[in-house]
Amino acid sequence: MADTAVGAKTGPEHGGDPSRRDFIYIATIAAAAGGAASLAWPFIDQMNPSADTLALASIEFDLSKVASGQQVTVKWRGKPLFVRNRTAAEIAAAVKDDGAAMKDPQKDADRVKPGKAQWLVLIGSCTHLGCVPTFGGGEYGGWFCPCHGSVYDTSGRIRKGPAPLNLAVPEYAFLSDTKVKIG
Amino acid sequence: MSGHSTYEPKTGFERWLDARLPIVRLGYDSFVDYPTPRNLNYWWTFGGILSLCLASQLITGIILVMHYTPSADHAFASVEHIMRDVNYGWLIRYMHANGASMFFIAVYIHMLRGLYYGSYKAPREVLWLLGCVIYLLMMATAFMGYVLPWGQMSFHGAVVITNLFGALPVVGPSITTWLWGGFAVDNPTLNRFFSLHYLLPFMIAGVVILHIWALHVVGQNNPTGVDPKSKADTVPFTPYATVKDGFAMGVFLILFAIFVFYLPNALGHSDNYIPANPLVTPSHIVPEWYFLPFYAILRAVPDKLMGVLAMFGAIACLFALPWLDRSKVRSMRYRPTMKIHFVIFVVACCILGLCGAKLPDDPVIPHLTTFSVMGSDLNSFVWLSRLAALYYFAFFLIVMPFLPLSEKTLPVPDSIASPALSHPAAVPAEATAAPEMKG
Numbered sequence: 001m002a003d004t005a006v007g008a009k010t011g012p013e014h015g016g017d018p019s020r021r022d023f024i025y026i027a028t029i030a031a032a033a034g035g036a037a038s039l040a041w042p043f044i045d046q047m048n049p050s051a052d053t054l055a056l057a058s059i060e061f062d063l064s065k066v067a068s069g070q071q072v073t074v075k076w077r078g079k080p081l082f083v084r085n086r087t088a089a090e091i092a093a094a095v096k097d098d099g100a101a102m103k104d105p106q107k108d109a110d111r112v113k114p115g116k117a118q119w120l121v122l123i124g125s126c127t128h129l130g131c132v133p134t135f136g137g138g139e140y141g142g143w144f145c146p147c148h149g150s151v152y153d154t155s156g157r158i159r160k161g162p163a164p165l166n167l168a169v170p171e172y173a174f175l176s177d178t179k180v181k182i183g
Numbered sequence: 184m185s186g187h188s189t190y191e192p193k194t195g196f197e198r199w200l201d202a203r204l205p206i207v208r209l210g211y212d213s214f215v216d217y218p219t220p221r222n223l224n225y226w227w228t229f230g231g232i233l234s235l236c237l238a239s240q241l242i243t244g245i246i247l248v249m250h251y252t253p254s255a256d257h258a259f260a261s262v263e264h265i266m267r268d269v270n271y272g273w274l275i276r277y278m279h280a281n282g283a284s285m286f287f288i289a290v291y292i293h294m295l296r297g298l299y300y301g302s303y304k305a306p307r308e309v310l311w312l313l314g315c316v317i318y319l320l321m322m323a324t325a326f327m328g329y330v331l332p333w334g335q336m337s338f339h340g341a342v343v344i345t346n347l348f349g350a351l352p353v354v355g356p357s358i359t360t361w362l363w364g365g366f367a368v369d370n371p372t373l374n375r376f377f378s379l380h381y382l383l384p385f386m387i388a389g390v391v392i393l394h395i396w397a398l399h400v401v402g403q404n405n406p407t408g409v410d411p412k413s414k415a416d417t418v419p420f421t422p423y424a425t426v427k428d429g430f431a432m433g434v435f436l437i438l439f440a441i442f443v444f445y446l447p448n449a450l451g452h453s454d455n456y457i458p459a460n461p462l463v464t465p466s467h468i469v470p471e472w473y474f475l476p477f478y479a480i481l482r483a484v485p486d487k488l489m490g491v492l493a494m495f496g497a498i499a500c501l502f503a504l505p506w507l508d509r510s511k512v513r514s515m516r517y518r519p520t521m522k523i524h525f526v527i528f529v530v531a532c533c534i535l536g537l538c539g540a541k542l543p544d545d546p547v548i549p550h551l552t553t554f555s556v557m558g559s560d561l562n563s564f565v566w567l568s569r570l571a572a573l574y575y576f577a578f579f580l581i582v583m584p585f586l587p588l589s590e591k592t593l594p595v596p597d598s599i600a601s602p603a604l605s606h607p608a609a610v611p612a613e614a615t616a617a618p619e620m621k622g
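Line order of the protein sequences matches chains A and B. Here our numbering is used: the first residue of the first sequence is 1, the next is one more, and so on. Here our numbering is used: the first residue of the second sequence is 184, the next is one more, and so on.
Hints listed in this document are in silico derivations from the structure and should not be mistaken for laboratory results. For clarity, every value in this text was computed on a predicted model and none was experimentally measured. Just so it is clear, CB atoms sit at the ideal spot from N, CA and C, and this is done for glycine as well.
30 Å max Cα-Cα, derived DSSO-like pairs, lysine-lysine:
#1 A:Lys103 <-> B:Lys541
#2 A:Lys103 <-> A:Lys113
#3 B:Lys541 <-> A:Lys160
#4 A:Lys113 <-> A:Lys181
#5 A:Lys65 <-> A:Lys113
#6 A:Lys160 <-> A:Lys107
A short list of chain A residues far from chain B (calculated; beta carbon distances all over 12 Å):
#7 Arg21
#8 Ala31
#9 Ala92
#10 Ala93
#11 Asp98
#12 Gln106
#13 Pro114
#14 Gly115
#15 Ala173
Please construct the entire structure, taking both the sequences and the accompanying hints into account.
This is the structure:
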């Protein structure tokens with residue numbers, strides 16, 4: 001340490017080039033910072049969903065249990081999932097409002113699978129702050145969120161209140177006429 | 184700050200220790216010989232009361248952890264186990280649950296006292312900021328503690344609060360998933376909240392030490408807002424402040440005991456005695472009373488992101504306060520116009536608290552329908568909260584910086600010892616508030 005300090009004073013010809021010392025400092029700090037940053041990631045990422053939580057991400061559901069006009073709530077990814085067998089009147093009301101002014105405009109046909117208009121599958125989590133809306137409330141014949149008063153229609157589209165988006169339709173597919181796979 | 188220490192070790196052991204770790208000296212200088220303004224009133228006792236609250240929460244909390252199970256399957260049952268089976272478990276849990284409310288009562292009084300007497304003004308800005316940090320940590324701790332019993336209110340409160348972060352554009356959904364450790368509030372969420380609920384009180388204790396350190400560097404403010412100038416203006420901390428604080432703590436403990444023994448559930452919500460059910464939200468979801476004003480501000484704004492920003496903005500105003508207030512006079516005792524605004528501000532906060540507890544669309548005056556503005560009837564709690572929220576922000580962003588431009592202040596006394604002689608009518612002209620007096 002003392003040697004190099006003396007060397008630095010006597011000038012570059014003695015191997016004490018200050019720029020070389022700066023390089024050592026910067027390289028050391030960069031290595032330490034890079035190391036700290038890469039170590040920080042595991043400590044942050046450990047809070048993200050674990051492998052077993054991700055593994056439970058899809059379920060199958062038997063539709064024959066749901067009568068016309070009935071709704072079954074199942075738990076999917078920790079959230080309620082509404083599987084609703086809509087009546088002809090509900091579908092008609094939803095289609096009639098396709099052109100109405102909406103916050104998050106979407107046609108009813110885009111929210112169901114082709115030819116399966118009676119089956120509405122929704123994530124039952126209000127897009128405002130995540131409460132569970134109840135069916136049959138509000139003036140649009142659909143869902144009403146008790147927390148902050150968002151009103152959804154029979155297609156699960158947001159019509160009134162603070163929620164910004166329609167009730168989300170999860171990724172799902174019909175495995176047969178009476179069976180769906182969600183997720 | 185007393186400047187030099189007057190501590191003199193009396194025994195051989197004290198001398199030996201003082202040369203190695205002068206901790207007795209620190210205690211003596213801070214809590215015995217420390218000069219306090221002679222005119223401190225009872226509003227100044229809440230610092231001591233808050234220390235008591237923190238100590239009580241730490242002790243009862245550590246005991247509760249000995250019996251509580253942090254698991255979505257067992258948390259609710261373990262709380263019932265504490266209430267029914269553990270010896271004196273009911274007492275310790277009620278002390279902890281009501282202690283949180285007492286803590287907030289005391290902190291709100293403490294903050295309003297600082298606001299009224301200008302305790303945030305130079306040179307006490309850092310002292311005030313540290314206090315704001317403590318308040319933020321308290322809110323985080325209280326929120327996570329409320330989740331731990333895993334009742335209906337716990338669960339859905341956690342859903343709503345964590346979803347607030349989902350309002351942020353682009354990163355929102357990733358942040359909420361990260362906070363939850365899954366796709367919804369569930370067992371991983373409960374476990375991390377438990378871990379943090381245990382950690383944060385110790386962080387609060389750490390910031391409290393910084394808060395007291397900062398206090399002892401700049402010295403206490405006092406009801407006149409005039410800095411002590413001579414020995415005549417101060418009295419030693421012991422016995423004057425210790426006895427006064429002790430008496431106030433005794434009175435405060437009576438209030439605490441009334442809640443613990445006679446009204447243990449008055450400040451809670453009965454729905455939290457129903458085990459958490461992710462599939463059903465309680466018909467009326469409200470936070471604990473100490474969050475109601477912020478909750479009302481959140482609901483007052485019809486847009487999701489703007490509502491969240493307004494709520495956080497309400498807290499941010501507190502941090503900015505030392506730089507928002509442009510008045511040269513520290514204490515509102517000498518600011519009659521500001522005093523009126525202060526009263527309106529306190530009323531507005533109480534109205535916001537009331538609105539936060541009500542359904543937004545319920546009418547304020549029963550059975551009266553007026554006309555609808557912005558999708559809600561004018562005679563509704565959502566409109567009342569909009570008006571109160573408007574005043575809340577106006578108080579910080581308009582009144583604080585701009586009122587001093589035209590404000591007529593009363594004469595500020597020369598020193599703490601002199602106000603007895605300085606009644607506004609009797610005061611000589613040269614004693615009136617000169618800006619260079621710095622409060």
